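Colleague: Taken in order, these protein sequences are the chains called A and B. Going by this note's numbering, the first sequence opens with residue 34, and the numbers climb by one from there. Going by this note's numbering, the second sequence opens with residue 195, and the numbers climb by one from there.
There could be a bad hint or two in this list.
What the hints assert, rightly or not - Computed cross-link-like contacts, SDA-like style, restricted to lysine to any residue with a CA-CA straight-line distance of at most 20 Å:
no., chain 1, residue 1, chain 2, residue 2
1, A, K552, B, Q251
2, B, K455, A, R528
3, A, K561, B, D575
4, A, K173, B, Q251
5, B, K322, B, T395
6, A, K569, A, F586
7, A, K616, B, K572
8, A, K552, B, K322
9, B, K434, A, K568
10, B, K572, A, F555
11, A, K568, B, D577
Stated by the list, open to error - From the derived model, a few chain A residues whose C-beta atoms are all more than 10 Å from chain B:
no., residue
12, A75
13, S430
14, Y469
As the list claims (entries may be wrong) - Computed from the model, here is a short list of chain A residues facing chain B with C-beta under 7 Å:
no., residue
15, P224
16, L531
17, E549
18, R551
19, T553
20, R556
21, R557
22, F558
23, R560
24, F586
25, F590
26, S591
Simulated from the structure, these hints should not be mistaken for laboratory data. Please read these numbers as outputs of a predicted model, since none were measured by experiment. A virtual CB, placed ideally from N, CA and C, is assigned to each residue, including glycine.
The residues making up each chain are set out below.
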Amino acid sequence: MSLWERHRHDLDRLAALLSLPENQSIVISQCDEPELRKEILAALETKLNKKNISLFPLDLSLNKDAPGKVVRLIQSSIPEPGFKTLVKKQDNVVISIVGSESLKGRDLDSFVYELNTMRDAFAHIPYPVIFWLPNDLVDKVAQHAPDFWSWRSAFFEFQRPTIINIGQIPTATNISAEKELLIQKTPVDIPAIFNNLTSPIHHKTNDSFYVPNPANAINQFHKGIIAGKDNSKILFTGPPGCGKTTELIHLTSTLRKSFFTTYLNAFHVSVLTDLEPIAVLFHAALSLAGQAVRSGIEVTGTVIEEFLLWQYELLIQGGMDINSPEPSSLDNLLLLAQKVTSNTSLGKKITRQLTTRENIFINHFNQVIEYIETATSKKVLLIVDDLDKIPSPPAESMFSSSANLFNSPRCKIVCTIPFDLFDSPGIRERFDDAYYLHDVTTRKKDGSPVEPGLEFLKEVILKRVPEHFIEPDALEQAVLMSGGNLKELLHIIKRACLEVNPTDILSKKAIEKSLESRKTEFRRFLRKEDYHFLKKISMKKKRPDEMDSEHFFQLLFSRAISKYEDGDIWYDVHPLVKPLLPKDS
Amino acid sequence: MTAEKKRNPLEEIRKAISLLESKKSLTSEKLLADYYVERTPQYTATIKNLLQYTPGQPIKLLFSGHTGCGKSSELFKLKTDLKNEFIAIYYSIMDHMNLSGIKAAHLLESMGRQLVDAAGQHNVNIDKKILEALERWPFTQRETRYSDEKRSGMAGLGGELPLVKAGGAISKEKGKKTEETWEREPDINELVALLNQIVETTMNETEKEIIIFIDDIDKIDLADSEALFLRYSRTLTSLKCKIIYTVPISLYYSHHIQQFKSFYYDSYLLPIPKVRNKDGSPNSGGIDSIKEIISRRIPVALFAGGVLDDIITASGGIIRDAIRIVQKCCLRCSTEEKSEIDKEIAEVATADLKNDFRRQLTSDLYPKLIEVKNSPEKDPDVDTELQRLLYALGVLEYTNKDTWYDIHPLVLELVEAKEKELKSKQKDT
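Whole structure, please, built from the sequences with the hints as guidance.
Modeller: The structure is reproduced here in structure tokens:
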């Protein structure tokens with residue numbers, strides 16, 4: 034049976050990688066469709082057999098006692114006669130882990146967890162291992178087992194095949210029909226493109242979609258982190274949708290060589306409106322401890338274990354439900370810690386307890402940092418994202434009166450703040466450094482185009498959308514009218530995609546329709562008093578002196594205006610708002 | 195099937211009366227099959243694409259449009275189109291509760307009931323504990339405290355949820371201390387967590403995604419809807435399934451919309467057919483699209499020449515109003531035993547709707563109506579008055595390539611009279 038062309042190409046690469054001598058590769062393969070996976074496995078086996086290499090399948094779903102314990106499964110299989118015979122007969126054996134899609138609940142958690150904690154155990158397995166994981170599990174591994182993820186030798190994606198029949202979307206029920214389509218090459222696959230455009234940014238997608246941002250601020254920000262003084266506390270901000278998270282995730286992986294880096298999404302901590310600074314730090318400390326455990330440094334009997342036991346006491350006092358596992362091991366302690374993250378009401382109780390034990394907590398935190406730094410000879414860097422999404426009043430106190438708390442951990446911390454607080458008095462001076470990522474400058478003050486900015490934005494889209502799917506004019510138009518905001522640009526393209534027939538490409542007409550609907554949205558909420566200032570900003574390219582900050586930030590937040598930087602800092606009205614400005618009377 | 199008996203025109207008119215029940219949206223598959231007319235361009239196709247292109251993403255959408263523009267029918271059509279791929283739930287919030295003072299918790303509770311029903315229909319077993327907990331919501335727990343303990347209780351050192359004084363709490367002296375009853379404030383996140391467990395179990399067992407269409411939230415007035423979405427959008431978007439909320443058109447004109455819009459994946463507005471152009475001249479394309487809808491319920495031949503066009507133009511493009519006027523015409527024909535809907539009948543029927551506006555539009559709204567009427571580009575400033583008028587249908591938004599506004603054709607006379615009155619008053623002073 035013939036396989037889709039792209040898959041065949043990937044298969045060749047995969048087979049080549051697995052046939053390397055002295056091979057201990059860890060390969061992660063994503064494939065959602067069982068039928069397709071069977072087919073690919075069969076094709077891979079044929080290829081490997083030709084090179085005198087065998088595939089040894091291990092099915093997690095058959096491992097009834099402990100389905101998630103993959104390392105134990107491998108270790109116990111190697112001495113088995115079946116495996117030994119293969120080894121004798123063949124030049125090499127590749128262990129192929131299947132059945133992960135059957136893992137549920139605790140088994141699934143322990144599987145992901147084990148990948149990271151037992152990472153070193155894989156180093157003792159003298160055979161290449163290939164994991165077959167469904168898409169959501171790949172995401173989970175990338176997010177919750179970041180070390181293992183970054184440690185992999187390769188990642189292959191055997192995607193759902195493209196769809197050609199009009200309006201038909203593959204679902205779990207029509208997979209066999211989909212398989213029929215597999216062999217036919219199709220012009221475009223709009224759902225797949227749409228998926229690329231909507232993929233949330235995380236470690237996995239960022240690898241393939243990242244385009245270096247040409248902004249000076251990014252360069253300075255990187256330098257500032259590396260060269261800045263020890264344990265500095267750094268603020269990072271920018272308007273919503275300017276690409277902060279993308280940069281922070283990229284930073285997390287690039288700085289891993291020089292720092293012991295932990296990335297934390299504060300959004301996952303708790304309901305942000307109730308977010309207490311102490312809760313953020315608590316979760317940061319837990320993430321750090323978790324990463325230390327996963328990285329394989331000695332933890333038993335150390336301050337890390339002490340900290341984890343201390344937090345366990347807190348959980349018990351906070352009334353954690355009695356069904357939870359006993360803290361028999363560090364694994365369990367960490368699993369328990371994760372529970373707090375996912376349970377808001379328990380989280381709130383813990384927060385209240387923490388406030389009365391602030392000093393003890395900070396002391397634990399600092400001991401953990403110090404221990405990790407000694408053990409790894411790397412400085413700890415904590416990256417706390419999404420604090421910029423906290424509404425203003427609580428955010429202001431978090432970064433002014435509670436700033437001391439943020440300054441207490443003795444490690445480097447980068448955290449985002451709401452962009453309207455950047456210039457607020459009494460905030461920046463409490464931190465060591467602060468960086469502002471502006472929207473991408475696509476035009477100069479005089480309106481002439483800025484090529485690096487335009488090229489960057491185009492490239493961001495072309496990483497996600499095949500070039501032949503979008504008319505060059507259409508892309509140009511979308512980029513110019515986005516005002517340089519990444520989220521806005523993606524939104525324009527996504528809306529246009531929904532207008533495209535499955536056999537068509539993304540035309541300028543579709544983009545124009547999308548732009549028109551966006552313009553109408555501005556038309557609906559902008560008021561007379563807004564236009565008064567917008568007109569001034571459009572002419573003078575600066576903030577009118579008489580305009581109060583609340584109003585000004587409201588307009589910035591709504592993207593009716595943007596702040597740009599090209600040597601000089603200036604403001605402009607969104608390109609779609611310009612035609613709405615009142616004509617001169 | 196036997197061929198339908200030939201009826202006389204009056205009989206046909208009488209038969210049409212019940213079919214022209216304007217309050218009845220096409221919210222059953224039978225009604226859809228009999229009366230649904232596809233819109234061109236097919237507006238909801240975009241939303242359908244979006245829902246299909248985002249497998250596994252629990253996106254939330256806002257959906258709006260003028261009252262009576264056909265939102266419910268379009269939503270129900272969407273639900274019907276998607277019912278095989280998804281577990282598609284459609285319901286009207288009005289079937290569940292009184293809309294005044296509605297809170298996010300009420301909405302979530304209603305979703306909870308729908309989710310439990312849907313799980314039942316798909317033979318999904320929901321853990322009894324979850325169902326019991328849902329029954330118990332809002333988990334109010336009373337506690338008795340003494341006045342001097344209050345302070346420490348409020349600080350929440352015991353790791354408890356904040357306590358609030360119970361409504362109608364009994365305070366009685368006990369020695370020197372006052373005994374008070376306090377209630378734990380229900381934590382809405384716990385409700386969200388419960389619903390998410392139902393969602394997850396159902397999706398896992400059926401291997402289908404859930405999508406909920408909640409209709410009629412647009413019937414909430416502007417202030418309440420603004421408060422609801424401003425305060426609770428985070429909660430309303432935290433369920434792990436797809437949800438489409440209908441919202442009043444005025445919400446899109448809220449100056450605060452930016453503060454909550456980012457919680458939703460996107461917002462949509464179902465436009466009304468353009469039955470007239472910016473200059474006021476009739477637009478035959480728009481008129482024909484409503485004519486098609488009406489012709490499904492009553493033969494067009496029963497109208498005297500040009501009368502149906504006039505009725506549709508008078509509706510401003512509000513489909514429900516057009517249907518309502520035609521129904522009134524039929525009622526009148528029926529009582530007067532007339533076998534044709536002529537100009538006179540139509541004028542009387544239309545006058546009834548004019549009177550409705552007279553009652554609805556308060557005098558403070560007239561200056562804005564006059565401004566819209568006289569705006570050459572039909573491009574009035576957006577303000578609270580415009581927002582209120584859009585909600586009350588005094589002003590209509592026409593949007594396609596270009597967006598413009600005009601007053602409802604039926605208020606024209608009222609506005610002109612008011613304008614005259616105001617002018618003469620100005621002269622007098």
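Colleague: The structure should be examined with respect to each hint, and the outcome stated for every one.
Modeller: For each hint, the structure was consulted:
At roughly 27 Å between alpha-carbon atoms, K552(A) and Q251(B) are farther apart than 20 Å, so this suggested pair is violated. Annotation: proposed proximity of K455(B) to R528(A) holds, straight-line Cα distance about 16 Å (limit 20 Å). About 6 Å separates the Cα atoms of K561(A) and D575(B), which keeps this hinted pair within 20 Å; it holds. At most 20 Å may separate the alpha-carbon atoms for a hinted pair to count; K173(A) and Q251(B) meet this at roughly 15 Å.
Simply put, K322(B) and T395(B) have alpha-carbon atoms about 12 Å apart, close enough for the 20 Å limit, and the pair holds. With a C-alpha separation of about 16 Å, the suggested pair K569(A) and F586(A) falls inside the 20 Å cut-off, and the hint holds. Distance restraint check for K616(A) and K572(B): the Cα-Cα separation of roughly 15 Å lies within the 20 Å cut-off, and the hinted pair is therefore satisfied. Restraint check for K552(A) and K322(B): the C-alpha separation of about 50 Å exceeds 20 Å, so the hint is violated.
Distance hint between K434(B) and K568(A) is unfulfilled; the C-alpha atoms sit about 42 Å from each other, more than 20 Å. For the suggested pair K572(B) and F555(A), the alpha carbons sit about 17 Å apart, so the restraint of at most 20 Å is met. Taken as a hint, the K568(A) and D577(B) pair is honoured in the structure, with Cα atoms around 18 Å apart against an allowance of 20 Å. No Cβ of chain B comes within 10 Å of the Cβ of A75(A); the nearest lies about 25 Å off, and the non-interface call holds.
Against chain B, the non-interface label of S430(A) holds: every CB pair exceeds 10 Å, the least being about 18 Å. Distance check for Y469(A) against chain B: the nearest CB is about 20 Å away, which clears 10 Å, and the non-interface claim stands. Here the hint on P224(A) is kept, as its CB sits about 5 Å from the closest CB of chain B, short of 7 Å. Annotation: interface hint on L531(A) holds; nearest CB of chain B at approximately 5 Å, less than 7 Å.
Taken as an interface hint, E549(A) checks out: its beta carbon lies about 6 Å from the nearest beta carbon of chain B, inside 7 Å. This hint is violated: R551(A) has a C-beta 11 Å from the nearest C-beta of chain B, more than the 7 Å allowed. The restraint placing T553(A) at the interface with chain B holds, with a minimum CB-CB distance near 5 Å, inside the 7 Å limit. At about 6 Å, the closest approach between the beta carbon of R556(A) and any beta carbon in chain B falls short of 7 Å, and the interface hint on this residue holds.
Among the interface hints, the one on R557(A) holds; its C-beta lies about 5 Å from the nearest C-beta in chain B, closer than the 7 Å criterion. Interface hint status for F558(A): upheld, as the beta-carbon distance to the closest one in chain B is roughly 5 Å, under 7 Å. Interface restraint check: R560(A) against chain B, minimum CB-CB distance 6 Å, threshold 7 Å, status holds. About 11 Å separates the beta-carbon of F586(A) from the nearest beta-carbon of chain B, more than 7 Å, and the hint is not met.
With 7 Å as the threshold, the beta carbon of F590(A) comes within range of chain B, its nearest partner Cβ sitting at about 6 Å, so the hint holds. With a cut of 7 Å, the hint placing S591(A) at the interface with chain B holds, because the nearest CB-to-CB distance is about 4 Å.
Violated hints, listed in ascending order, are 1, 8, 9, 18 and 24; each of the other numbered hints is respected by the structure.
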